[in-house]
Amino acid sequence: MHKRPLHNVLTVLGMMAVFCLGWWVWYVLNGSEAAEQRAVRTAETYVDTTYPEMELVVTDVTYLSLYDAKYYVLFASPSHVEAELWVRVTRAGDVVDDNIGDATNVSRSLDRRDAFD
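Residue numbering for the sequence shown follows the working numbering, beginning at 5 and increasing consecutively.
Simulated from the structure, these hints should not be mistaken for laboratory data.
Idealized CB from N, CA, C, for every residue including glycine.
Worth double-checking, as some hints may not be accurate.
Quick list of the computed label-pair ranges, beta carbon to beta carbon [as the list claims (entries may be wrong)]:
no., residue 1, residue 2, range
1, Val32, Thr54, 25 to 35 Å
2, Leu14, Asp64, 44 to 54 Å
3, His11, Ala73, 36 to 46 Å
4, Ala73, Cys24, 13 to 23 Å
5, Phe23, Val62, 27 to 37 Å
6, Leu14, Asn34, 27 to 37 Å
7, Thr15, Val85, 54 to 64 Å
8, Val85, Val32, 26 to 36 Å
9, Tyr71, Leu25, 15 to 25 Å
10, Ser83, Thr49, 18 to 28 Å
11, Pro9, Val62, 49 to 59 Å
12, Asp98, Asp64, 18 to 28 Å
13, Glu86, Glu48, 15 to 25 Å
Take the sequences, apply the hints, and build the full model.
Printed below as a string of structure tokens:
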């Protein structure tokens, strides 16, 4: 019945290799839910400890796999529509940087506008 057992074993190994390669490509291109949640938790902790005076909540998470294999977590202020902050986090959960320069300028302009209200 099994005239070529080596051929059968190699076929199964090849099929497993193709499956694993496909899964890995899918993971690289789409990220994973666990990595996204880890990135959001890390970004929330980072924002809470680094900028405690700013009231920010997570509004969006973007993963740009081909450009930069990192998660971009967008924070926005519920009270000021224009105030937003991007935090860039790796899949492992390490904060790379943020765009606080832009957010600080928006925050300062909003503080000046509130002073006149």
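Item to check | Beta-carbon spacing of alanine 73 to cysteine 24 - inside the hinted bounds 13 to 23 Å or not | outcome: 19 Å, holds
Checklist entry - Can the suggested window of 18 to 28 Å be confirmed for the beta-carbon pair aspartate 98 and aspartate 64? => result Check passed, 20 Å falls within 18 to 28 Å.
Item to check | Assessment of proposed distance window 15 to 25 Å (beta carbons of tyrosine 71, leucine 25) | outcome: Given about 22 Å between the Cβ atoms, the range holds.
Next on the checklist: A range of 54 to 64 Å was offered for this pair. Does it hold for the Cβ distance of threonine 15 and valine 85?
Outcome noted: Given range 54 to 64 Å: holds, Cβ gap about 59 Å.
Checklist entry - Lying within 15 to 25 Å: is that true of the beta-carbon distance glutamate 86 to glutamate 48? => result 21 Å, holds
Next on the checklist: A range of 27 to 37 Å was offered for this pair. Does it hold for the Cβ distance of phenylalanine 23 and valine 62?
Outcome noted: 34 Å, holds
Item to check | Outcome for the supplied range 44 to 54 Å, where the beta carbon pair is leucine 14 and aspartate 64 | outcome: Since leucine 14 and aspartate 64 have Cβ atoms about 46 Å apart, the given range 44 to 54 Å holds.
Checklist entry - Using the C-beta atoms of valine 32 and threonine 54, is the stated range 25 to 35 Å upheld? => result Distance hint for valine 32, threonine 54 holds at roughly 29 Å.
Checklist entry - Measuring from beta carbon to beta carbon, are proline 9 and valine 62 in 49 to 59 Å? => result About 55 Å separates the Cβ atoms of proline 9 and valine 62, which means 49 to 59 Å holds.
Next on the checklist: I want to verify a distance hint. Is the separation of the beta carbons of serine 83 and threonine 49 within 18 to 28 Å?
Outcome noted: 22 Å, holds
Checklist entry - Quick one: are leucine 14 and asparagine 34 within 27 to 37 Å, going by C-beta? => result Given about 30 Å between the Cβ atoms, the range holds.
Item to check | histidine 11 paired with alanine 73, Cβ distance criterion 36 to 46 Å | outcome: 38 Å, holds
The earlier numbered hints are all upheld by this structure, with none contradicted.
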